[in-house]
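Put chain B on the given structure of chain A with help from the hints.
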Amino acid sequence: MAETIARKARRLTTIDIFLWVVRIAAVVFILIGSVNSLTSGRLSAQQWRDLLVFGVAQGSVYALIALGYTMVYGVLRFINFAHGEVFMVGGMIGYVVSTPLSRTSLWTDQTILAMIIVLLAAVMASTSVAVLLERVAYRPLRGAPRLVPFITAIGASFFLQYAIAGLFGTGFKNYPAFPGLSGVFEFAGFRVLKTQAVVIGMALVAMGALYLFIERTRAGRAIRAVSEDQETARLMGINVDRTISTVFAVGGAMAGVAGVAYGIVFGQIYFLSGFVPGIKAFTAAVLGGIGNIGGAFVGGMTLGGVESIGPSLVLTGLGIPSSNQLKDVFAFITLVLVLIFRPTGILGERLSEERV
Amino acid sequence: MADVLERPATGAPPERSELPARPVSLRRAARVGAIGGVAAVFLSSIGMVENFDARELISRLSLGYFILVGLGLGMGYIGATPPPRLEGYATTRPGAPNLLAGAIVGLVGGALLALFVWFVSVVDVRDIFPNISPAMVELLTGARDLGPGLLLAFGWSLILCVVGGAMHLIPPRFRRSVFRALGWVVGVALLESLVTTTLERAQLGRLRDFLYEPVGALSYTGAAALGAIVIVVDQVLGRRRQTFRHRVAALPWPARKRLYVLGGAIGLMGLAGLPHLLGPFLTEVLNLVGIFMLMALGLNIVVGFAGLLDLGYVAFFAVGAYTTAALMSPHSPRFSPELPFWVALVPVLVMGVIAGVFIGTPVLRMRGDYLAIVTLGFGEITRLLFLSDWLRPYFGGAQGIIGVPSITIGPFELSSPLAFFYMIFGLAVLLAYASYALLNSRTGRSWIAMREDETVADAMGVNTVAAKLSAFAIGALFASFAGALFATKIHSVVPSSFTVEESILVLIIVIVGGIASVPGVAVGALALVGLPEVLREFEEYRFLVYGALLIFMMLKRPAGLIPSRRRAAELQEDEEAQDAWLKEATKADETARGEPS
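Protein chains in written order, with our numbering: chain A, 6 to 361; chain B, -9 to 587.
The set of hints was computed from the structure by calculation and includes no laboratory data.
Don't take each hint at face value.
To be verified - Stretch-level coverage of chain B by chain A, calculated; a stretch enters the list once three of its residues show a Cβ under 8 Å from a Cβ in chain A:
| # | segment |
| --- | --- |
| 1 | 114 to 125 |
| 2 | 343 to 354 |
| 3 | 366 to 374 |
Yeah, the Cβ is synthetic: ideal placement off N, Cα and C, and Gly gets one too.
Just chain A, with the same shape it has in the complex (with noise of 0.2 Å):
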């Protein structure tokens, strides 16, 4: 026994044991952190649970860019770098739209209607820049080493941004606010705002559709098939090419729908929104196990809890003041500790090292 411990120790690296400290240190703040906030009862049961209802409405935007990631990577193990951009030109025609929309009768009148309207617009823009993009800076570098189609995404990513800021200006842009919406209601003690409820609601019925495509119509098979081996997904007739536009389409549809969630949780867009929450929404991906459709859904809502609910919880107890400042850094720290220690994310099948 002691015997096998000490061969173990010996085959321990610098590096092993450099680790070792990361994680021990990341357990011990987390823990301390917590506890401090707990017992010192700044905040009341109440603000908690507001916490967490923020944090699973924005968890549900994160989760609907998560899936065009790990969709894209599970077809070609290529991270689309500029899926946050995606995300954002949804968005924006999300507000393009709903503006001189707010200043007719329909807005009051026929809410839903409009409301839908705004979300097809958002999801058709999304829809297309996804496909487009990934015909014109992807296809023609199939086959190339990774590494390049990821630069090329990092330069499409550029570009739509400051397209977008080149034809719509580069302020901020106020959504106009949707009528009903205003207000709160109770549920099981939680307090949630209309806003988030709608969001959260979106969210789940789109993804619910999504869950149907994928597992019950032949171009959801399809996808299923070119994920798992493209070679003999070819040679079994699947037109591979049509595919993987379509797996392209289906995440920018759902960054579409992200887009106008976003616009209606946080009230105002500009160009540069596509890139924190989108890599936020690669982290929550990857929490959740890249490649894996569901991982993407318990990954965003993991994300956005713990981003919603981490700085006061863990900051603030370890006496970092204005933790709310902090909150992308506990993003990013969480980003950087998953992909150093889990890789595989929570559900993620094991990828070999090859992979990842």
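Then chain B, alone, in the frame of chain A:
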């Protein structure tokens, strides 16, 4: 297939008139036309045409119009390009089909543009698209009524695209010279401020008056003379340049080495004289280029040599700049030892290396795109921490640290642009040499081995852990050095100088210049940092152009402007180099070496 197979190229070259006319795909022409039309609409909608209207480029032709004209000509030329010629088969003769294809491009593109102009003059969309203004419509219709105006826009598209298609009729030998001449004319017109300053400082004011009109636009006579000179020179030199290169390549190594040393010495002397020719403003620009060059040299080691895609590189730059500011500035919030630069440099570089190893260690097991995302995360974390209230007592939060003094050498203070220039370019040459030396060292070879295949390198006994960490540490060393210089140059540090955009800009410099190519870094920094400072008009569209450029480079010239020899050789040797991407890289290498393909 039959008609192409007819005439194998092995026989005597056929008479020009006997060749079949080039087949041109009309469907492709229509597609190119649609792309061109959409591009014209896009460029107008983002305000390029209107914003650039005030800048006269060549006589009365404004830059805004010039962009549309260039687009029309270019699209006409591309749309009328025949399908690629297969090696060993008959060549074809250009003719009427090229004109027809150009016309189709013009029809489709012009129709789209006209449709757009009609739409925006009927429906007011200014609420949503701030750049689609009546002024823009006026420019596109030539300030005429809608009907004649639309016809005008349409007619010009058609004419320009046909002219573009007709360029195929110029014999290939002259076509290249014509394109070069066009490039020179446009370049000299765009870089008016640069050329004027240089000519004035070189006491060539009369040449300037000949080339430019008083408003700063190239005059017609100047443009024509310049074009003619370029064509003649190109025709005369065209062949000799190749023979010269071959002759140099054929020399024995000692002689060639002497020649290279001589060339290098002349180049350095030219560099030393440069600021006198350019004046203080442009020297400032060069200093900025120099700082980015140092950074890019470092990133070139990480990305180019070792193959580790680092998207958070600016973190090291920030660490260097902040450490310098904290140690040197009397206004540093918490502790201000007010060290002189050369004393502060030691802790700065140590901090840089520590940051490199600190970020490098956790990502040791990661590859490719995951590594890129994690480093991106680290870069953002660094910036947000410097920005936060938490660290404000140390680093000043959003206000940063002000009052960083200039560098001093003995009694001399390097506060003038000129002095800074000499120092930074001395350092750039030194670090470029260090890059070469590192590349050819044992460490450099292990980087390359690791880049090509990490598993194999590991199996062959390369210590990949040491290789990765040393790449990160040395890259961070270069960046923190650049950061230290940056802090003393602009005399203050603020978190907003260290955004992810800067990281990606440095990456674009490395990629556009040529991955793993040291001269490429210099060219990339000049083109991507220097040019935008001179072409102030494009400031607003800078990142748009960068993004498009990055996509274009990866699609068409993945090896960069000045491909690294070694990298290209590796690509050539690869026996599985069958896909288009690798072929393209090889071809780019051949063109760069001037060998006939």
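Hints, one by one, checked against the model:
{"no.": "1", "hint": "114 to 125", "in the structure": "holds (count 5)"}
{"no.": "2", "hint": "343 to 354", "in the structure": "holds (count 4)"}
{"no.": "3", "hint": "366 to 374", "in the structure": "holds (count 6)"}
Of the numbered hints given earlier, the model fails none.
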